[in-house]
Amino acid sequence: MSHDPNMDSPEHSQERREFLRNTAIAAGAAVAAPGLLISIASATGEGGVTSDTRWGMLIDTDKCADGCTACVTACDKENGIDLVEQPQGNSDEMWEMQRPQWIRKLKLRDKQTGDITNLPMMCQHCEFPPCEDVCPTGASFKRADGIVMVDRHICIGCRYCMMACPYKARSFIHQNVAEQVVNAPRGKGCVESCNLCAHRIDEGQTTTACQDACAAEGHNAILFGDLKDRGSAISKALKSRSSQQVRADLELNTGVRYTNV
Amino acid sequence: MSLLTRFRGAALLLAVALAAAAWGVGAAQLAEGSKALEAKSCIRPADDMRRNHMEYIHHDRDLVVHKGIRDVDGSLAGCVDCHAGREADGSAIPVNAEGQFCSGCHEYTGTSITCFQCHRKVPEEK
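For the record, the sequence lines run as chains L and W. Per the working numbering, the first sequence starts with residue 461, numbered consecutively. Per the working numbering, the second sequence starts with residue 9, numbered consecutively.
Okay, chain L solo, but in the shape it has when bound (with noise of 0.2 Å):
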């Protein structure tokens, strides 16, 4: 049959397009077998944090009350941005565009209805970052158990990122910070965003700060937790409950999702 010398054969066209399937099954294959190697090789790796996690946030919307900002208090407070001062001759219009916020309150108005809906916005910690992929120097980068962060040692201060992050997450630090905190460095001429309270993820803590703020104050509006264990209070919220994500047309994957926008 191979040594046919008639091309046009039936029995060979049948030949040739299974000859075509199998190869495009061992292809396939190829391709899905980097990201399971990926997965094995954090795992059993030398330590530290694994893509066996992926680190993600629940907001309900309903739950989020107009004009509470105990979310974005605790945030300052906990990474230190309280302690950043407004810059002598920087105007307070200038000042409220471009101090540092992790993560900040919108009110949102449909047009249509006048429905209104209140939501925290901060990263969005993508599974395909933006910031990460425009980042010249690899500054902007997601750490294996997904959380989306800024190596400010090697960061340049371009504001690429901040450019291309469709949440208008990142804020960018403009002039020398007198005082930090331990957990969050800062300094003039880094990028900066929401980084989950990483620094309280690596002691075993559960929780965020923004997360511990908003239950304080009764509304319990936001869940944090690991979107790969099934077992975990988020991924039961996800599962039984249809949630969004914000521009889920980019096909980002993003690792904080709302309910009831």
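The hints are all genuine.
The calculated lysine to any residue pairs, modelled on SDA-like cross-linking and capped at a C-alpha distance of 20 Å, are:
1. K129(W) to V641(L)
2. K523(L) to Q704(L)
3. K75(W) to Q665(L)
4. K75(W) to R514(L)
5. K523(L) to G574(L)
6. K129(W) to S111(W)
To list a few chain L residues with every Cβ distance to chain W over 12 Å, as calculated:
7. P547
8. V594
9. K696
10. L710
Cβ-to-Cβ under 8 Å is the rule here; a few derived chain W residues that face chain L:
11. H74
12. I77
13. A85
14. Q125
15. E132
Since the hints were made in silico from the structure, they are not lab data. For glycine and all other residues, C-beta sits at the position ideal for the given N, C-alpha and C.
We have chain L already, so just place chain W on it with the hints.
Relative to the frame of chain L, chain W by itself:
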């Protein structure tokens, strides 16, 4: 023969100079009121730390930021916690203030120190 004697003399001179430098730098640096004054030794022998502290910090910063391993012995916060001097009233003095532990040596050797543009310079009171 005379060559060897000359070499011996030079080596002796060098050794004396190095010892004097090490003594002068090391003894002058431990800050008044710092925990380091009362400690028996640093996390590693002092001569090792003088030569290699930057390497230890440099290595551990990548462990912390990229791998989330925060339980490192060479943490900058640990350095500051132990080496920050204190005023008579107990308030901490930044380690990079003039004549303090970090800057004393770095001024002497003419090397700039940039850690504290971003990192906390005094121990965190909790």
